[in-house]
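Asker: Residue numbers (the working numbering), protein chains in the order written: chain A, 5 to 338; chain B, 553 to 967.
No wet-lab data here; the hints were simulated from the structure. Please read all numbers here as calculations on a predicted model, not as lab measurements. It is possible that part of the hints are untrue.
[What the hints assert, rightly or not] Restraint ranges, calculated between C-beta atoms of paired labels, are given here:
hint, chain 1, residue 1, chain 2, residue 2, range
1, B, E752, A, H222, 26 to 32 Å
2, A, Q50, B, H774, 40 to 46 Å
3, B, R856, A, Q50, 55 to 61 Å
4, A, Q124, B, A789, 41 to 47 Å
5, A, T167, B, S795, 49 to 55 Å
6, A, F195, B, P742, 54 to 60 Å
7, A, V187, B, M886, 51 to 57 Å
8, A, Q124, B, P742, 19 to 25 Å
9, B, M942, A, A207, 28 to 34 Å
Ideal Cβ placement from N, Cα and C applies to all residues, glycine included.
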Amino acid sequence: MSETRVHFYQVGSFAVGNRLLSADERTVQSDRRRTNSIDSGHRACQGCGEALGARYALDAAMQATGGQLVAVNATGCLEVFSTPFPETSWQIPWLHSLFGNAPAVATGVAAAMRVKGRDQVRVVGQAGDGGTVDIGFGTLSGMFERNDDVLFICYDNEGYMNTGVQRSAATPPAARTATTDAVGPEPGNPFGQGKDLPRIAMAHGIPYVATATVADLHDLERKVERAMSFHGARYLHVFVPCPLGWGAASSETIHLARLAKETGIFPVYEAEYGEVTGVTKIRRPAPVTEYLRLQRRYAHLFGHPGRPDVVARLQAMADANIARYGLLATEEDE
Amino acid sequence: MLQQIEGSHAIAESVARCRPEVVCAYPISPQTHIIEAIGVMVKEGALAPCEFINVESEFAAMSVSIGASAAGARAYTATASQGLLFMIEAVYNAAGLGLPIVMTLANRAIGAPINIWNDHSDAMAVRDSGWIQLFAETNQEAADLHVQAFRLAEELSVPVMVCMDGFILTHAVEGVDLLDQEQVDGFLPPYEPRQVLDPEDPVSIGAMVGPEAFEEVRYLAHLRQLDALDRIPEIAAEFAAMSGRDSGGLVRPYRLEDAETVIVAMGSVLGTIKDAVDERRDAGERLGVLGITSFRPFPLEAVRQALAGRARVIVVEKAFSLGMGGVLATDVAMAIGTTTLHTVVAGLGGRPITRTALLDMLERARSGRLDPLSFLDLDEGVIARERARMATVRRSGPFAENVLRDLGRPREDPA
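Looking at chain B on its own, in the form it has when it is part of the complex (with noise of 0.2 Å):
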């Protein structure tokens, strides 16, 4: 049913009908919102049998789930940012093992310096824990995601991230349509664990493995990602076909037919992205859109497809590898090849990515002014002031409240 909501209700609606039996809960702005909702309806009894267990940490939320999991419970829980970081080992834990935990991740800044908007470090951070990641580009897919995700971790026994931009995507309300509970009941079987502990079978789960076995185990892991990379496509197939809707899937392109130039890009700065395209192209730029969806596994097949024969690539991604540059870029750079790339990190911790920013990014693409990596709006005053300052002072300070105090000095007057 269609109807008006806020994003991290519509995830917690979705999540609702996906019948979890363990939901661990520990807040972290943005994805809290979400946790408090499926609290209040399993207080309710609305999802009985469900447990929902508030921790003392997020480190704490995800070796429940693991728990959870291992013991043949369908787990779900949320979490962003620090909280993310500070449940790694955990993730790494669940993939490791192969159990089949969802978790919504409202993508949001790592700090220091602290901050709690969106872009997507926290994501790239888990890039290598052995979770399939799904990126949403909107409320509606981020709902329509997580029915799906439930299915893909239970087919393949891998743990998958849903992931939404925090506040842009989980703090925005706008319409989503809902699935009623039969239809997420015929799409979602129980869940019927490869493993679990139960004590007329016992089994003994989580032993060390040597190096005479590690890499395999590690290989099998990597080989169901690949398996995902089939599955995905097919289960959002699945979906459209019960649903009407086209969500999920590896990637998105958009325009693509023509274009010579092409924008890759992940979650809600596409839609940002195609208004651009669509304004230049309007004005006869033969530019397109190929949004990523399924980050981990990353479909290089398809992007490759999508990407062969253009003539530049420009990648916008809210992350960057620090000392390196980009961490999709470096991706897409793997499936294209030759091709002329160029990363463009913007959005970082939060700042918007506009329209006039990404048109001035693709004048200067145009006219062969962007460079392979460079920052979408920065502000190349503030950063020339402070590196001035730490050269000719020794005891410079801390170099993020240099910035803002620097930021928040008077103006001059331009007049």
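Here chain A stands alone, though its shape is the one from the complex (with noise of 0.2 Å):
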């Protein structure tokens, strides 16, 4: 019998309809039953890419634990948009302690559960990129060295956005901040800086690392299923356009995050013990400046005279990733 492959082309996203999918191949968000680990009624700003990533990547870790699941959470937008008591968007049991120090606390809740004979409660630690790539970043590495059992969620949205906008170690060249501003000969965040955070963990030798969008739901919740069938350290960073901070449209957050992987500006893979495992292949290649236009943190890169050469440099970066992890697709790939 001859077989078709099916091409799930719809409005040009490459997303998959469920209703196209078998009933044990849909998303955990597409179920009713699906947890609303945080709920609705929370204060996060029209279009906010980590309140999505964190709904996704919660529900999809309370399915993979059967309901089973401690979060514990970094100072930073997530946990200020979520808990303007009396009410709290947490239908999961909730610690935040600190900004730096998410990734101890999650280890001390593992230790505990551990003593008290409750294997089966698993601990997510989650932190923006700022808790995780610099304040956090101590406490983060020693989890990973000791490989204690907690996967660490860092929802990398570029930037200090809950204190209005300043540069982080994620924060990517050339991008206007309000502590890099689009000003004087090298406008924006400096070139040959930052860290490369999913590749850091890896060299610690954890199980498990994975990057994902909120573009792509069924690899988000793949990896944090993926995720949660191993024990020890794993980390997951999962890339959130933030509109606010990065001056984009609301409705553009998916699109951008989209754009993000399509142009290699943000590469889509997972690794264990180290080692890469799988890349998600760019489908639709598309220039940086396709991504870098629709967000005014680039605006001082476009116009006129505007700044072809910096410009040229980020298409460069992006080259290199595309390079680096065999992002482009092949015709065996489709």
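Once you've looked at the hints, go ahead and assemble the two chains, each given alone in its own frame, into the complex.
Answerer: Pasting the structure below:
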């Protein structure tokens, strides 16, 4: 019997509609029994990528653990917008301690569950990029090297958005922030700085490291499920556009996340025990300008005279990602 | 069982009998022997179920303790000096969250200049953090206080810091009578948290509190400290009934009955002070001593009663607030009102507080030559010389090194 590959081209997004899939292939989010771990009514901005990422990831983790989940949260947007007491969005046990200690607090929770004989209860630590790559980096690295049984999720929106859009070590070159303004001969964030945390995580040799974006729900949920199948330290780096901090339309969040992946700016891949085991190929290659032009934080690169030289450097970085991870799709990938 | 044992090991044994469930370790002198000894016990399986976690910093040690305690485990750690300062954000956080962590603070000076020896600067730096701070006079009391500390912490959902003088107590080998396991089990029930992270009953802990409620939340924390003022002596009395030992409590009076002058102090120096007082009592002077065991909460009423009607109060303390003066003395002044009060800063960075120096100080007090704020055994000469250097040379260099160089120069032969 011959077989015909189905191509799910719908609205130019490559998104796969759940109605075209069998029930067991549908997303957790599409299931009316999803836990809504972070429930509606919170105070995130319209179009917030982090709120989406947290809901997708935690609902998938709840599904994977049969509801036996505790979340530890660093200080940041996610913490502030979710708990304007007496209201809380959290339908799961949730603890916020400090900005820089969420990985260590998560270690403590996991240790307590072990001594209490409740090994089935799993722990997720979560933070924005500031809480992960900057102020929480020491405790995160400690948690990694001890291989503590924690899934740590970084919702990366490339800056300190909660405090008013300042630069973090995850802010990309040339991006304007309140502390890397678009002034002077090298406007925006300098080139040659910043941390590539997924690769640093891989260097710890931990069981599982993955990157994902809020544009690919199936991929994100699958990676959370995969992460929960391991014990030990795991790291998930989720790309979450920030309309406020990036100067983008609220309606463009998913589009921007998809473009970050399609341009090669944000490589989507996974790794086990320090080795890359899979990459998500680029389906429809796009130049970085397509991504940059949608964001006011890069506005200084365009117009007249603009900075084609800087755009070229950003394109070169994306091309380097494409080469490093082999992101271009071949005929076989189709 | 009475045994000859190093202070740190006595604490480790005492903590072990409290059945800790998560113990975090990060090395810093002079507390390291405590967590080393507990680490051995955990690795041998003697404390199962107990997790011993080697963390990457004191900040992580307190943070792991926070997570463990919030998830319902009995959490313990130990630190000192710079380590306490490195974890200070989490120290405040543990208290603010109301998590009953117990921590040993092996009191040590704070740098710069770096100094590993004993004083109380570290404890004073977290005096306002919301932790209960109990000071041990002896290793016996330190061992006993840890058992009481877990009971107190867990009853009130407030973290407790047991302060013991670094090296002077932690490294001293002397007789300590440790409780057996049955005694501790009878005194310290299993931890029943007021709040716990539990998937069966999810709660949010650590939400932002705005101006509408922050004051009330903080006041509630203050009230729990005041509750501790009642519970500390009650727990000490129960402990005495069980063990036959008088350990803990709020204050520790010594020969106060007819004393005109009372010396107030905390920690191991009380022993030396009592010796000095005995000597001068034999010479007919009416002296007494008031040891402060509970520094936070501060027992204003007990101190007031103990010091009422005394002609003179002298506070000997191993820390001071630069630009101001005594820290403990300020609290004592709050208690006693108008009685003549002297602050004597002593024993900073491990300088021995000798009986000779104390006797000299008491003589100055008797003869009206003791200043409101003075520094015991202060080398006036080296200070005058460095002040002169600073006054005459703009680039006079780092002053700590200057003082060391000054002290190390060859002395002129007095003969």
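Asker: If a hint holds in the structure, say so; if it does not, say that too.
Answerer: Results for each hint:
Range check, E752 (chain B) to H222 (chain A): about 31 Å between beta-carbon atoms, so the 26 to 32 Å window is met. For the hinted restraint 40 to 46 Å between Q50 (chain A) and H774 (chain B), the CB-CB distance of approximately 41 Å keeps it satisfied. For R856 (chain B) paired with Q50 (chain A), a C-beta distance near 60 Å keeps the hint of 55 to 61 Å intact. Taken as a hint, the range 41 to 47 Å holds for the pair Q124 (chain A) and A789 (chain B), whose Cβ atoms sit roughly 43 Å apart.
Look at T167 (chain A) against S795 (chain B): about 52 Å separates their beta carbons, and that is inside 49 to 55 Å. At about 57 Å, the CB distance of F195 (chain A) to P742 (chain B) agrees with the hint of 54 to 60 Å. Here the CB-CB span from V187 (chain A) to M886 (chain B) is close to 54 Å, well matched to the stated 51 to 57 Å. Between Q124 (chain A) and P742 (chain B), the C-beta spacing of about 21 Å keeps the proposed range 19 to 25 Å intact.
Roughly 49 Å separates the CB atoms of M942 (chain B) and A207 (chain A), a value that falls outside the hinted 28 to 34 Å.
When held up to the earlier numbered hints, the structure conflicts with hint 9 and nothing else.
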